[in-house]
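First to last, the protein sequences are chains Z and L.
Taking the working numbering, I'd label the letters of the first sequence as residues 1 to 114.
Taking the working numbering, I'd label the letters of the second sequence as residues 1 to 113.
Treat the hints loosely; a few may be bogus.
[Unchecked claim] Derived lysine-lysine pairs resembling DSS-like cross-links, with alpha carbons at most 25 Å apart: (1) K13(Z) - K42(L); (2) K100(L) - K71(Z); (3) K57(L) - K78(L); (4) K100(L) - K53(Z); (5) K42(L) - K3(Z); (6) K55(Z) - K100(L); (7) K3(Z) - K59(L).
What the hints contain is simulated information worked out from the structure, not anything from laboratory work.
Since the model is a prediction, treat every value here as computed from it, not as a measurement.
Residues per chain, in single letters:
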Amino acid sequence: DVKVTQSSRYLVKRTGEKVFLECVQDMDHENMFWYRQDPGLGLRLIYFSYDVKMKEKGDIPEGYSVSREKKERFSLILESASTNQTSMYLCASSLYPGGQETQYFGPGTRLLVL
Amino acid sequence: ILNVEQSPQSLHVQEGDSTNFTCSFPSSNFYALHWYRWETAKSPEALFVMTLNGDEKKKGRISATLNTKEGYSYLYIKGSQPEDSATYLCAYPRAGGYQKVTFGIGTKLQVIP
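Same shape as in the complex, but just chain Z (with noise of 0.2 Å):
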C-alpha cells in the first residue's frame, strides 16, 4: 500500500514565523502535491512537483514555497505566517503525470496562526 505521511497532524505557529510542513512517500511516485482545504471551499492546489527539483505553482501558490530535494520528499515552506494561512494542508502523490492518475493523499496537518 502507499503511504504518504505528513511530519505533524496538528501545529500553531505565530504571525511572522517561517513554517515548514514536511511529507513524504514510500512509493517511489512521481509527481507530489499540496492543497489546502478551507470551510465552504474544496480542496485548493498549492504547488505541485513532477520531479526531483522541479516545480510548478497551482492556483494559491502565493505566501508559499517549496522544495523537493528527494523524490521520497516534498516540503512546504510558509515564508512568513500570516493568520489566513490558517488552514488543514493535505499531501497528495501520484505514481505518474496525468489526469488518470489516483492521488494518494497523507492524513493533513492542521496548522493554527496565531
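Take the given structure of chain Z and dock chain L to it, following the hints.
For chain L alone, kept in the frame of chain Z given last:
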C-alpha cells in the same frame, strides 16, 4: 479554475437507506473524473476513476455513473451503513497536462444508526 459542483453539500440518512449525490463538471475537454471518500481524521482515499461516457463502476455497495455529454456523475450508496459516513469528493483534471485537478467542495454524508 473550472467549476466543479457537488450537491447536496450535506446529507443525513438512516441506516439501510439508499442515497445518491451529484458531481457536475464542464462537459468540454473531458478527460477523467475521480471520486474520493474522506472519513474524519483519515486521509482521503480513492473510490473510482471514470473515463468513458456511460461508465458505471462499482465497489461493494457504492457505485458511480458518468455522463460526459451533459457533464455530471452520480455516486450511489445502497443500504447505507454508519461506516459510510464521510465526505465524498469529486475531482476533475484540467486540460493543459491534466496535472492540476479541481476538487468539488464535497458531499458530507452522515448515516444515522
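Earlier hints that do not hold, by number: none
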